[in-house]
Structure formats: C-alpha cells, structure tokens
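Undergrad: Starting from the given sequences, assemble the full structure and let the hints guide the process.
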Amino acid sequence: MAAELQNMAAEIRPYFDRLWPITRSLTGEGVRQTHEILSEILPLERIEIPSGTQVFDWTIPREWKIREAYIMTPAGKRICDMNVHNLHIMNYSVGFRGKMQLEQLQEHLYSLPDQPNAIPYVTSYYNERWGFCITHDQRMTLTEGEYEVVIDAEHFDGSLTLSECVLPGATPEEVLISTYTCHPSMANNELSGPLVAAFLYKCLAKLENRRLTYRFVFHPETIGAVAYLHLRGTLLSHRCVAGYVVTCVGDPAGFTLKKSRRGDTIADKAAVHVLSNWKGPTQQPPKIYEFWPSGSDERQYCSPGFNLPVASIMRTMYGAYPEYHTSLDNASLVTMEAIAESTLVYFATCKTLDFNRIYTTLNPYGEPQLGKRGLYWTLGSFKLNTDQRIHAIKWLLNMCDGNHSLLDISLMSYKAPTKEVCGSNALLPSDVDFLYAVAQELVNANLLHEK
Amino acid sequence: MAAELQNMAAEIRPYFDRLWPITRSLTGEGVRQTHEILSEILPLERIEIPSGTQVFDWTIPREWKIREAYIMTPAGKRICDMNVHNLHIMNYSVGFRGKMQLEQLQEHLYSLPDQPNAIPYVTSYYNERWGFCITHDQRMTLTEGEYEVVIDAEHFDGSLTLSECVLPGATPEEVLISTYTCHPSMANNELSGPLVAAFLYKCLAKLENRRLTYRFVFHPETIGAVAYLHLRGTLLSHRCVAGYVVTCVGDPAGFTLKKSRRGDTIADKAAVHVLSNWKGPTQQPPKIYEFWPSGSDERQYCSPGFNLPVASIMRTMYGAYPEYHTSLDNASLVTMEAIAESTLVYFATCKTLDFNRIYTTLNPYGEPQLGKRGLYWTLGSFKLNTDQRIHAIKWLLNMCDGNHSLLDISLMSYKAPTKEVCGSNALLPSDVDFLYAVAQELVNANLLHEK
Amino acid sequence: MAAELQNMAAEIRPYFDRLWPITRSLTGEGVRQTHEILSEILPLERIEIPSGTQVFDWTIPREWKIREAYIMTPAGKRICDMNVHNLHIMNYSVGFRGKMQLEQLQEHLYSLPDQPNAIPYVTSYYNERWGFCITHDQRMTLTEGEYEVVIDAEHFDGSLTLSECVLPGATPEEVLISTYTCHPSMANNELSGPLVAAFLYKCLAKLENRRLTYRFVFHPETIGAVAYLHLRGTLLSHRCVAGYVVTCVGDPAGFTLKKSRRGDTIADKAAVHVLSNWKGPTQQPPKIYEFWPSGSDERQYCSPGFNLPVASIMRTMYGAYPEYHTSLDNASLVTMEAIAESTLVYFATCKTLDFNRIYTTLNPYGEPQLGKRGLYWTLGSFKLNTDQRIHAIKWLLNMCDGNHSLLDISLMSYKAPTKEVCGSNALLPSDVDFLYAVAQELVNANLLHEK
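Chains as they are written, first to last, in our numbering: chain A, 13 to 463; chain B, 13 to 463; chain C, 13 to 463.
Not one of these hints is a red herring.
If several chains are the same, the list does not tell them apart, and a pair holds so long as it fits within one copy or across any two.
In silico BS3-like cross-links for lysine-lysine, where the CA-CA straight-line distance does not exceed 27 Å: (1) LYS299 x LYS427; (2) LYS431 x LYS299; (3) LYS431 x LYS291; (4) LYS406 x LYS463.
In case anyone wonders, no lab produced these hints; they're calculated from the structure.
TA: Rendered as structure tokens:
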C-alpha cells in the first residue's frame, strides 16, 4: 500500500496547492473556480440555482462578490488584508468603507483569547454585517487612533453552485458521496473532503464490473445539502442504499465513524467492517459513534423525512481538534499521504458495498461434497491444510440461506475462534471482495445462486 | 440545592420525631395515628377494609391491640418492656400472662447471636404465637429462675387501614407512589418511605401545569398492596403509566433502582435518567438492577396479572445493610438531609415524567431554517457559539418523528460525543423539563406539533 | 461428586483400553468392532448403508480393509509398521507393494517439521493414494538406498456403519447425542467422545420419569452425519428440541461451548446454564462461542436446510491444542476422571432440558397467600429466614406467566442481587431440577398449571 499512497499523494499535492488559496463562501466565483479545478479530476456537471429560489424551508441566498478587504491603521499599516489570509474578512461580509476610532472598530473584530495566534473563521450568512477576524495577539497591539476600513464587497442576485457526477454501475442502486466546498483556506475542514471525494471517483472509475452507481456531489454545507435534497431527494429516497459525508479526512490520526441515523444500514456495516480491519499507516483504533444531529450535511440527509442511510467517515472530526475553524487548520495539520489513505479507506468501503451480494445455497441439506468438485483439500490433514479459501467456502455454504449478505457473513465471522481452530494461516476472510470471488466459484459450481 | 435540602430537612424533622415512637403493625391504632400525622402534610383519605374481607387470595386479618408487654425477671427487674422499645414485643403477638422457668421462656425469645446488641424485628402475622425480641447480650445475662410474662394484647374484628390521596393533573394518566406504614420504630425501613412520599406530594402540588395525575397510597406491606389492588387494580391497569414503591430512602448512601418487571417502561427510563445525572450531595454512582420477585410491594404491583410499570428507587436497599430489620435501623442511620434529598430525586423523576411528551416535526425534509426565525446563532462561529439551547433544538428537530419522547431523546443524547464536538459549555440537555421548554418554543414557531 | 467421578472413571478405563488400539476409518471392521464394544454399554442398533448409496450430495464410499502396512529400510529394518502405531498408515490408503529409492518414497511420507516427535494423522478418503505418516525425527534419519513398501489393503463394495439407540421418554421430543467413530488411535479427539456418549446413556437410563426421548448416534464424521440426516432428517426436523455433538471431552481443561447456528435454542441455554454453574473439579471458566461453520458434525446438523438446535460441549476443542490430529493425542493427554466429569456435565445439561417446563400461574393478581398453604415462613423475620425454597416459590409465582420456562427463570435469576438482598444462605436456585421440584409443589397446591 505504501507505494500506492506515495503515488496518490504526489498526484493530490498540486490540486491541494491550487485549491488552497481560493476564497470560497456559500456562493460566488471562488466556489466556481474550485469546482472548475475539481472538474479536471472527475467529470462534474454544474447546477446553478438562482438566488431567491425556495428549497423546502430555505431560500437560496444572494451571491457574494468580494474584491478587496483590509484595515489601515493610524500608522498607515495595512492589516487584516484578505490578500494575506482570506480568513481575515468575515465570510459573506457586506461592503463598507469608512473611518473610525479603535473603540468603534473593536465591535467588528473577532479574535480568540484562548488561541491568541489563530485567526478564527467567522461567517454571517443570514445577518447583514461587516467584520474582520484577527489573531488575538495582533488585536492586543492595536493603538488608539483613526482606522480606515475598506471592504469592497457586494451581494447580488446570482446563483448557488452545486456540481454532481454520476458514475454508473450495473444496477440503479446508488452510493452517495457528498462533500462541501464553502470554506475558505482551511485544510482538514474542508479542503481534504473534496480532494478525497474527487480521487475516490478516480479509484471507482477503474473498478471493473461495478455493480452500484456512485453519485458524487459538491455543494456548500447545509443550504447546499438542503437544495440538493430538493432536487434529488425523491430519487435518493428510492435509490440510495448507502452514503457518506466526506469531511475532516486530512490529518494522519485514526479514523472516526459517525453512523447514520438508522444506525444499522449497510453504509454503517461496511464502514465498521473496513475501519475495524484497516491495515494502513494509521494504526489507531477507529472511534465509532452513533448518530447525533449536530455536525455536517448528514443532518440534512438524515432529517426524519428522508432518513437516508448516510454516515460519515472522518479522521479527527470537527470540533475535536483545537485548530478547527481557525487559520491553524492549515497545510501543516494535514498530509497528502493522509488524504490518500482516507481515499483508500473510502474506496475499500465502496468496494465492500459493491461486492456485497446475497446468495442462496442450492444444497441446503448437509454440506455439499466439495471433494468431488475439486473444491476441497484432497488430503485430510488439519496440520497441513491452511487454505483460507476453503474456510470461506464453508462460511458461504452454511450462511448463504438468503438472509445473510456477504458483508453480514464477514461481520459474523469475527466472532469465531478462527485462530484457535484453524491456525494463524487460515484467518477468516475479512474482505468482502475475497468472499465475492469465492462465491462466484460456488455459483459456477452450481452450489450457490445469487438472490 | 443545599439550602433547599436544609429547609426541607428542618421541616421533616418534627414529623420524624412524632412518628418514630409509634407502635405500628399490619393493623390497629398505631397505623391510624401514623396516617393522622401524615394527613397534616398531604390530604389523605382513609379507607377501612373490615377484617374477614376477601381480597384476591387473601383475607383481611383481625385488628391487633397491644396495651402492655414486658417480662419480670426472678430478680424483679422489668425487661423487654415495649414501652422502652416497641421491637421487644413480637409484632402481632397474642396476649399472654403467666409464670415460667427460663428454659420454657427461651422458646419465646428471639435474638441475633451475630449482632448481639441488636433487637431483631420479628412478626407472626399468620400464626398465633407470643414472643419477645431481645438483644443477644441481654439474653446471655438471664439466669435461672421464675419469670413473669405480661402481654396485654388482643385480636378482634376491626379493619385494615389504607390511606390514599390523588393529586390531579391535566390528563387521567397516573403515577402511583406507594409506601408502607406497618413497621414499628425502624428508620430507614420504613419511616423514611412515608416521609419521602408525603413531602413529594408537597413538591408536586406546587408544580404548575401538571400534566399527570399523582396517586399516593399508604398501607401495610404485602396485604395492603394486595387489598389496594383489589380496590384499584382495574383503574391502575388502565391509567397507571409509571409507579414507584418508596422505601429505604433515609440513609445518605448512593441510590439504588430496582426496575419494574417489564424493565423498559417510562418509570424505569425516567429513574435511570435522573439517577445517572443526579448532582446532589450523594456522589456515589447509582446501582441499577433488573426486577426480581423478592423485596417489597412491587411484588404485588408487578404480579403477572397486573404487571404494572412500578419500579422502586431506594438508597441502601432492604437486606443490603446489616442494621436492616433490627433496632439498629434507628435515627443514627438516617439523616433528615438524606430523606430530603431522596424526596428531590423522586420529584425530579416525577417532573421528568410530567414534562415528557412526544412531538412530530412539521418540517421533516432537511432542517428548517432556524436563522430566519431568530432561533439560531446569527454569527457562524464554532468557537464563539456554545448555546445549549440550540443543540437541544437540533436534537428535537431531528428526532421528533413521532416515535421518540423527550425522555427517549434525552437518553439517546448520552451516546453522542457532545463534549468533543460541541465543547464543554454546550453539553446536551440532561433535563427533560429543559427539553420541554425548548420544544414549546418550537411548537410556537410552528416547527413541532405535540402528538 | 468426587466418589461418583472415581467410580465412573474406573468403569470407563477398561473400555478405553480395549477401544484404543483399534484401527478405525470411515468404514470397515475397525468401526464395527468399536460399535460392538460400545454395545456392551448401551443397546445400539446397527445400520449398514451399502457403498454407492446416494445420500444428498454424497455417495457412500467403498469399504476399506487393511491387513498389513510397513516399510522395509535398505538396512532391513521394518519402520512405519501399522502394528506399532496405526497412524503410520495414511488412513484409507490404497494397497501397494514395491521397491523404490528414498527420493521417490519421500513423496509418500507425511511428517510435521514443527512437531518432530509426532506422527501426523492424515487421510485420503476421496483421492486414491498411498502414504505413510512418520515422525519428522525418524524421517531425518532415513538414508539413501532401496526401500520396500508393503501395504496390503483393499477397497471394495461394502457398507458404512452407523449405530443408534433411542432411550424413550414421556414425550416424543428428542435430544440428539451425536458422536463419531472414524479416528484411529487418538484419545481426546476422538475416543473421549464415544465414551462420554455411551456413559451418558447409562446416566439417563437411570433418570426416573424422563420427559424427553434421547437419541444416540455413532457414525463416521461428516459422511456419517450426512447419511444419518438422509435417514432421520425429517424426523429430527420435527422432534429434535436440542442436540449436541460430543467430541474432545477427555482432557482435564475447562469446558468450551460452541453454540448452535440459531444460537438461542434451549440446547444453547441449557449448556450455558450448566457450564456457568459447574462445580466439578474443573475450575476454569467456560469458553462460550457463537457458531462457526468449521469443526465437526454440527456443520451438517446446522446446515441451512436442517438448522437443527445442535450445539457442542467440548473441553479443549479441536485445533486449539498442539497434539490435535497427531500421535501425541494419546492416553497421557486425557484422564478417565475428565471423561467422567464430561459425562456428568452432559448429564446435568440433559437433566436441565428434561426438567424444563413452562407453567402458568393460577393466581395472577397479587401474590397468592402462601402462609395459609403452609408454603411460607410462619415467622416473619428477615434475619432468621433463609430458605432457598421460598425464594424459588416467589420466582415461580411471579414469572410463570406462560412465557418463561424454568430454564429462562433460572437464567433470569442470575441478574438479581440475591446475595445482597437475601443473604448468602438463600442463593437463587441454579438447578432446573430444583425449580421443577418446587414447581411441582405449587402445582399440587393448585397455584401453577403446566402449560
């Protein structure tokens, strides 16, 4: 896996570097530029929803255009310049130009006393306001005097940008991969998300004989998910068998699963399965949580009217690391290898779903005689026979009664004392694609039948 | 809470002191005197069931009247005098007057070799006997010679005394509070029970807009519960949504929950919820047990024909402390503050039940837009927003699908990594009354609808 | 129990010694000789199924007759002589006579480099081959030169031998006891199995008023179970309420339960109950595993078409001890006392099933008054009353609602804090036969009714 990770990391790096400096927001050119670049990786189709459109309980907001934003100090020094760091301008800020004393300016400054070297990420999407975000250290150095504030911004009727891409499979059953593109320069949350989603597409596109259809969507958080559900909710209610919100997947720490609201869907099971068996560089055991209704877009996908089987695989999740939503969530917090590894985890999860099938045995009364079909050891010797494949055959023939999928069988096999009984070389198959390959042999031998 | 506890403890003290010396039994004047005093706290209605009445498989016993009981030693010393300690006379003892040698007397003495300074509590309700209870230390000092036994007692056709009191609420759904008044001078078991039940009434009477009806009953253990079920069993089967047997609630140790036979009723859930989050002086974690069919009156309420949702919140339960059912279960074992704290625990549990509701969201598709209703942070900043109320709103809007009550949502929220995600200032609501208040806001905002 | 174990061990010893040297295989005279000896313990009925008979997906193989097998070294030394150890000849080997160089001979030799002093157990039932098993130490001493191989064996149309024995009870509901007799001289796997099964018969034959019918079957592993299911599968599907595959029950280590495929049958519950409470010489806690489809004949009984409630109680199970399937699995690994103790564990399990009943209370409203029926303490004193029987009565009267069997009640009672509440002398009944005896009292008192 090491070489694969290195290669993918090298491929990801230039995209990261190009996407990093863009000033993204709910709407606007930064978002379109971001989607444009991502389109080089996967064939995105753009959807523009006009400002003012009603989407369920929400209204698509006006578009935000920001050209310039800075403060000129009494000493004539330009600070909080969005060209230096785009977190300096409060996201979605209204335009403003004027002079004022420090005291008045302070009401428009946001800083974090507990993290004095961090610029916080602050937005004001639904209230008209202007403001600047600043490190607390710098704020403390501001002296009395007249400050000049320049924010060349406007809001106007435009549109909200969503991009989607459907990678077809043999069946119309879909896996939804959703990620968001509304945050300016922050690395783990959110730039890692769109990168993993895009490179996951590349992996899945190469998967032969795809059974499932994969739907990728990039949109702003919350309003974007609501708008997308307004467009595709009915379709997803019928076709979506699993889905994931891809976010916070860039730091090299252990993985976190936030289960879907239903909690026992194949989206949940496949993720539990993959994370519990993952043999990548990340050695920390996964954290697995039940659903809770704060967080990211799973709140929309799992709203009670849809209740879609949408979970979220993350690394260190939002809120759980101090750099979250500040300028410290930057390139030094994430690694391209971690982003690549997260991509492979998502790929393994999707493969698990794709290879998952339900079979029914055609010989339910006793085991079928495997020997005469060349499927068994010809020599009966516990000490000399350690073929993992034959253990898989036994699991399949016993458990394929039409009620257990390959994923179910795989999860079930964990509980068996396989090491004790079968020796360390005959560990149970932990990969559903391996079980699938063995099941195909049994289908060919007329022993199983796909349900 | 400290001042509230002090005040309530001071209020309880004089009642404890007046009730303590009374010689209670299954029946008789001691019981009536006890109920008379309790009537000063809550408006009890007396029910007298005549001796000989058939109640299910039982018959109401005769009434017991005891005037005097003691033994005169050969040296002319009066011992085992019930005026010194009413445990000396075996409860429900028949009358007797006579002289006998020590050997013969021994057959009528009860003591505990393992607890030589304790007078045991012994009854003989259903077999005609006389006897005295004595410390083993004193018994060892008895010398040969002639003893005079005086028991001026009689059994006669009278009645069994029950008292009940119904505190009405908006709905006929009832919470049953049952406690017993048949034990003579023992403090944790049982005097603490009637005191907590009576003072719980006072708390609930002040609760505004009570939704539930609260039914309090005081009766002798076992036969009293059977008789009460004979009277009210049909009504309780239809109306009782939760109930508790109040006993062993006077010592300052940690709480114990004995669940109802059904085990998953709201009586159980509310108690688990309150005990798991209790922030009173008692810091020990609660002990939570499944139902078992020994113990107190939950045996009758949870008999299979009724199977009522009746649990029991105790502190150190019957049998689990060495002083149980002896003269050592006295005022030094209990504190008025502990009795007051137990009252507040029961009150919190009843409030949990009272505020518990089921709601259905009116906006099931995606989250409703809270900002435009003034229900959300106007400023988007993870670091600066820590309002518990908004987390409660998210839980309610997601989980109010008509299947989850506020109590369910509260219990569900424990599993979420709220601290990690939302910071320590934004802990999930643990009180159902808080969730209720937030839900009312959402009802007013036309977002929820009470089911 | 010590004396009972000693006596049974002494009774088992001569059978072990007579059965040990016999060369068993899938078929043939060794098997018949084995069944003949076992018939001295229990009245077996022989079933012979002709070679070539189709049984589900399998065909009954030809019979194997082996008269002589050895290798003559260049130095004229006779090695791998099956008369010295019957594991030397590969089981079911074809006949062969010829001379060859060492290099050619090596292709027919099987040894274990990791266990150089062990002769492995190797079979070739379904491929025509000849071969010898040899310790790796001895193999290393073989020098170049010409070897003479003598295997006087033949395969011919004969029959497969199964023996069964039905011990009738009051109802046609059956417990299946299945064990196998196809392994040559190995002690824990398998000689312990048939011995435990046979002596279990002796115990059960003495059990008065047996409710259940017990079916014992001895056959070769796998093909024998398939053939037996072909004969009796329909009957078992209707009548078998519990079953066990008896194997690996000879070593003195702790017990292992492999649950049935269904996992929650009374076969599983009874075994969990007995193993969790076993007070025999074996002090190690039991290992309890869910079903997995490798192992022994439970694979056939639990194949999805039958899915019988068949579990397996073992001591150290197949595969989990290094001597498994080698000449080191010999008399020094097992003890007659351990075989006897395993027999008693199986007997206790069968008794648990036999005494298991479902009752319904005839007095569901409150507890019935036990005192007037002489079923209760006449003296009410917690400190002086410690009768286990009365605790059992309370459990039965509360839980016998037609939904809980005695076994269910017994398992349920584990969770109660009985020690704390009732004192150490009043532990809950852990034996279903005790609960049964108490239930019979209650039936006689017109308080319970057998469902």
